[in-house]
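Number of protein chains: 2
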Amino acid sequence: MSLLISGSIGIDNIKTPTASEDGLLGGSAAYAALAAGLFVKPVHLVGIVGADFPKAHLDMLTGKGIELGSVERSAGESFTWSGEYHADMNTRDTLKVGINVLEHWQPKLSAEAAGVKFAMLGNMSPDNQLQTLEQCKAVEFVAADTMDLWINIANDRLHDVMKKLDLLVINDGEAKQFTGTSNLIEAGRRLQQKGPKYVVVKRGEHGSFLFGNGPEEFFACSAYPLSSVFDPTGAGDSFLGGMIGWLASQSKSKPTFEELKVAVAHGSVVASFTCEAFSTQRLERVDGADVKKRLEELKAYTAFAA
Amino acid sequence: MSLLISGSIGIDNIKTPTASEDGLLGGSAAYAALAAGLFVKPVHLVGIVGADFPKAHLDMLTGKGIELGSVERSAGESFTWSGEYHADMNTRDTLKVGINVLEHWQPKLSAEAAGVKFAMLGNMSPDNQLQTLEQCKAVEFVAADTMDLWINIANDRLHDVMKKLDLLVINDGEAKQFTGTSNLIEAGRRLQQKGPKYVVVKRGEHGSFLFGNGPEEFFACSAYPLSSVFDPTGAGDSFLGGMIGWLASQSKSKPTFEELKVAVAHGSVVASFTCEAFSTQRLERVDGADVKKRLEELKAYTAFAA
Numbered sequence: 000m001s002l003l004i005s006g007s008i009g010i011d012n013i014k015t016p017t018a019s020e021d022g023l024l025g026g027s028a029a030y031a032a033l034a035a036g037l038f039v040k041p042v043h044l045v046g047i048v049g050a051d052f053p054k055a056h057l058d059m060l061t062g063k064g065i066e067l068g069s070v071e072r073s074a075g076e077s078f079t080w081s082g083e084y085h086a087d088m089n090t091r092d093t094l095k096v097g098i099n100v101l102e103h104w105q106p107k108l109s110a111e112a113a114g115v116k117f118a119m120l121g122n123m124s125p126d127n128q129l130q131t132l133e134q135c136k137a138v139e140f141v142a143a144d145t146m147d148l149w150i151n152i153a154n155d156r157l158h159d160v161m162k163k164l165d166l167l168v169i170n171d172g173e174a175k176q177f178t179g180t181s182n183l184i185e186a187g188r189r190l191q192q193k194g195p196k197y198v199v200v201k202r203g204e205h206g207s208f209l210f211g212n213g214p215e216e217f218f219a220c221s222a223y224p225l226s227s228v229f230d231p232t233g234a235g236d237s238f239l240g241g242m243i244g245w246l247a248s249q250s251k252s253k254p255t256f257e258e259l260k261v262a263v264a265h266g267s268v269v270a271s272f273t274c275e276a277f278s279t280q281r282l283e284r285v286d287g288a289d290v291k292k293r294l295e296e297l298k299a300y301t302a303f304a305a
Numbered sequence: 000m001s002l003l004i005s006g007s008i009g010i011d012n013i014k015t016p017t018a019s020e021d022g023l024l025g026g027s028a029a030y031a032a033l034a035a036g037l038f039v040k041p042v043h044l045v046g047i048v049g050a051d052f053p054k055a056h057l058d059m060l061t062g063k064g065i066e067l068g069s070v071e072r073s074a075g076e077s078f079t080w081s082g083e084y085h086a087d088m089n090t091r092d093t094l095k096v097g098i099n100v101l102e103h104w105q106p107k108l109s110a111e112a113a114g115v116k117f118a119m120l121g122n123m124s125p126d127n128q129l130q131t132l133e134q135c136k137a138v139e140f141v142a143a144d145t146m147d148l149w150i151n152i153a154n155d156r157l158h159d160v161m162k163k164l165d166l167l168v169i170n171d172g173e174a175k176q177f178t179g180t181s182n183l184i185e186a187g188r189r190l191q192q193k194g195p196k197y198v199v200v201k202r203g204e205h206g207s208f209l210f211g212n213g214p215e216e217f218f219a220c221s222a223y224p225l226s227s228v229f230d231p232t233g234a235g236d237s238f239l240g241g242m243i244g245w246l247a248s249q250s251k252s253k254p255t256f257e258e259l260k261v262a263v264a265h266g267s268v269v270a271s272f273t274c275e276a277f278s279t280q281r282l283e284r285v286d287g288a289d290v291k292k293r294l295e296e297l298k299a300y301t302a303f304a305a
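Protein chains in written order, with numbering that gives the first Met the number 0: chain A, 0 to 305; chain B, 0 to 305.
Heads up, a few of these hints could be off.
Note that the list lumps identical chains together, so a pair holds whenever it fits in one copy or between two copies.
[As the list claims (entries may be wrong)] In silico lysine to any residue, SDA-like type, Cα no more than 20 Å apart, as pairs:
#1 Lys-253 to Ala-305
#2 Lys-175 to Leu-225
#3 Lys-40 to Arg-284
#4 Lys-298 to Ser-1
#5 Lys-175 to Pro-16
#6 Lys-292 to Ala-302
#7 Lys-291 to Asp-58
#8 Lys-14 to Gly-64
#9 Lys-298 to Gly-179
#10 Lys-193 to Glu-173
#11 Lys-175 to Thr-90
#12 Lys-196 to Ser-19
#13 Lys-40 to Asp-286
#14 Lys-251 to Ser-1
#15 Lys-95 to Val-138
#16 Lys-298 to Tyr-223
#17 Lys-196 to Glu-111
#18 Lys-193 to Asn-154
#19 Lys-14 to Pro-41
#20 Lys-107 to Ala-288
#21 Lys-298 to Phe-256
#22 Lys-251 to Phe-229
#23 Lys-14 to Met-0
#24 Lys-292 to Thr-90
#25 Lys-107 to Pro-16
#26 Lys-163 to Asp-92
#27 Lys-196 to Arg-281
#28 Lys-136 to Arg-281
#29 Lys-175 to Asn-89
Quick caveat, the hints were computed from the structure, so don't treat them as lab data.
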């Protein structure tokens with residue numbers, strides 16, 4: 000079924016304890032679109048890039064079945080992020096952010112993008128999330144991510160977004176911040192009260208929690224175990240991209256809770272690939288057999304016979 | 000099958016953001032013995048208490064099928080710990096520790112305790128762990144816990160303990176500290192290289208990882224979800240007590256990896272009860288049906304159909 004993914008597309012410069020690389024493809028929508036493209040095509044990407052944006056990145060996306068008809072080409076400079084990971088790989092410093100072309104961007108959807116049934120509003124300003132959604136004429140399932148910045152500076156608009164969501168995906172620290180509780184189970188339930196029918200709280204190396212209807216609809220998904228993490232940038236975006244891509248591939252616009260669980264497991268597996276190289280470099284080489292193998296391993300790693 | 004649990008038995012004074020209580024039953028072996036007693040009887044408790052130790056605590060343990068023949072009664076003051084939890088319930092300050100009778104204790108096992116097949120060496124000094132083990136004449140499965148204090152001040156002796164273990168259970172922060180890596184998968188494998196055939200890394204609210212033989216023997220167990228945690232003291236001790244109690248109940252001294260997985264799930268469920276009241280107060284009211292219900296819920300919360 001048809002899918003759009005809206006969000007940032009940028010140029011990342013990343014340093015880890017063992018390596019560094021500049022000029023990498025980055026941005027919430029870029030990661031998510033590649034992840035979703037593993038399961039469904041086409042993926043309509045909605046975003047903006049500047050005149051300095053490497054043509055090679057755009058060509059790679061096109062080659063992976065990502066439709067760029069709703070990606071605006073601006074004369075300005077591209078969104079860019081520079082960051083450095085600490086030795087534990089769980090914390091990082093942002094060295095530099097250039098909002099650039101994102102500052103005055105207003106998403107403009109192609110006719111095809113405006114007609115999708117599934118929409119993912121990747122991490123970007125709540126205004127841009129709402130502007131994307133307003134142009135969707137036939138959407139039946141809407142998922143979104145967000146971050147601490149928007150909880151702090153655009154809380155009211157973020158609450159407007161929440162009311163329109165079928166699924167919110169958010170990381171654990173931000174879930175606690177947004178709801179004012181340190182208990183993640185309670186945080187998930189409080190987030191549902193803000194609007195989304197389903198909530199996923201991402202817990203990094205520990206996996207994720209999925210909250211559905213009432214206490215019985217709960218799913219604790221472990222992360223796919225990695226004995227080394229090369230670069231976790233974009234893992235969360237790939238997770239949601241993998242989830243919504245798999246859901247869109249099932250040809251049902253109102254997934255059941257059981258389908259949401261399987262989508263979460265797919266998201267976990269896809270995120271694990273992202274952590275194994277800079278940027279989308281590992282994700283670009285993944286195929287359906289790779290995903291299936293890790294999914295079966297994840298199932299074996301988490302099942303018990305009692 | 001027969002089981003002993005050696006470790007500290009103490010008096011706790013605990014303050015949480017919502018309540019406080021003094022004179023509580025505490026200590027690694029006390030929690031673990033009650034947890035194990037849910038699955039197997041008798042449990043031979045090995046420890047020491049002072050003249051000030053409340054008779055009511057000892058009577059309660061006896062009433063639960065815990066054998067106190069290897070619990071030394073000393074004229075000194077009992078081991079005691081006073082602590083205060085922070086608002087997030089994941090961190091705490093130790094306000095006061097009285098080592099007291101534990102300082103010069105040398106465990107002395109009754110003939111019955113010395114004949115057990117299963118031994119749990121709860122968190123205590125590596126010397127006390129080794130002294131307990133030396134008296135076991137017929138032991139076939141040995142599990143132990145430890146803490147940062149012993150990693151810091153008794154590292155060599157702790158390595159001696161490691162060489163004698165079938166199973167080490169340790170929390171995530173201490174696993175990282177002991178192995179010098181921030182990756183928990185890598186930390187688990189490095190701990191196995193120190194001796195234990197099996198390693199469990201406890202991850203608090205996130206659950207635990209079980210490591211067996213090679214990359215295929217891996218189990219990620221989620222914690223039983225609690226929307227509020229009243230007092231997490233003793234959760235880790237109850238976890239290991241629940242594990243070893245269930246293993247001992249299976250009448251096989253060399254459990255398979257699949258049985259270890261089920262034991263971890265039982266440990267998770269038992270630990271969840273401990274978090275719901277001060278001390279062992281909730282654990283004392285749990286029965287087999289309560290455990291079975293949560294075990295089935297945990298299974299449903301973690302299974303997916305893909």
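Verification of the supplied hints:
1. Lys-253 to Ala-305: Between. Shortest inter-copy distance 18 Å satisfies the 20 Å Cα cut-off; intra-copy 32 Å does not.
2. Lys-175 to Leu-225: Only across copies: Lys-175 and Leu-225 sit 15 Å apart there, 26 Å inside one copy, limit 20 Å.
3. Lys-40 to Arg-284: within (17 Å within a copy, 55 Å between copies)
4. Lys-298 to Ser-1: neither (28 Å within a copy, 34 Å between copies)
5. Lys-175 to Pro-16: between (29 Å within a copy, 17 Å between copies)
6. Lys-292 to Ala-302: both (16 Å within a copy, 17 Å between copies)
7. Lys-291 to Asp-58: neither (27 Å within a copy, 55 Å between copies)
8. Lys-14 to Gly-64: neither (29 Å within a copy, 58 Å between copies)
9. Lys-298 to Gly-179: Result: close neither inside a copy nor across copies, 33 Å intra and 29 Å inter.
10. Lys-193 to Glu-173: So Lys-193 and Glu-173 pass the 20 Å test inside one copy only (15 Å; across, 38 Å).
11. Lys-175 to Thr-90: For Lys-175 and Thr-90, both the intra-copy (17 Å) and inter-copy (16 Å) Cα distances are at most 20 Å.
12. Lys-196 to Ser-19: neither (40 Å within a copy, 38 Å between copies)
13. Lys-40 to Asp-286: within (14 Å within a copy, 53 Å between copies)
14. Lys-251 to Ser-1: Answer is within; shortest intra-copy Cα gap is 11 Å, inter-copy 55 Å.
15. Lys-95 to Val-138: For Lys-95 and Val-138, neither the intra-copy (36 Å) nor the inter-copy (60 Å) Cα distance is at most 20 Å.
16. Lys-298 to Tyr-223: both (10 Å within a copy, 18 Å between copies)
17. Lys-196 to Glu-111: neither (27 Å within a copy, 57 Å between copies)
18. Lys-193 to Asn-154: Close inside one copy (12 Å), not across copies (50 Å); limit 20 Å.
19. Lys-14 to Pro-41: Answer is neither: 33 Å inside a copy and 57 Å across each miss the 20 Å cutoff.
20. Lys-107 to Ala-288: neither (35 Å within a copy, 58 Å between copies)
21. Lys-298 to Phe-256: both (17 Å within a copy, 16 Å between copies)
22. Lys-251 to Phe-229: neither (36 Å within a copy, 42 Å between copies)
23. Lys-14 to Met-0: neither (38 Å within a copy, 54 Å between copies)
24. Lys-292 to Thr-90: neither (29 Å within a copy, 38 Å between copies)
25. Lys-107 to Pro-16: neither (39 Å within a copy, 50 Å between copies)
26. Lys-163 to Asp-92: neither (33 Å within a copy, 43 Å between copies)
27. Lys-196 to Arg-281: This pair counts as neither: shortest intra-copy Cα distance 32 Å, inter-copy 34 Å.
28. Lys-136 to Arg-281: Answer is neither; intra-copy 35 Å and inter-copy 54 Å both fail.
29. Lys-175 to Asn-89: This pair counts as both: shortest intra-copy Cα distance 17 Å, inter-copy 13 Å.
The structure fails to meet hints 4, 7, 8, 9, 12, 15, 17, 19, 20, 22, 23, 24, 25, 26, 27, 28 from the earlier list, while all remaining hints are met.
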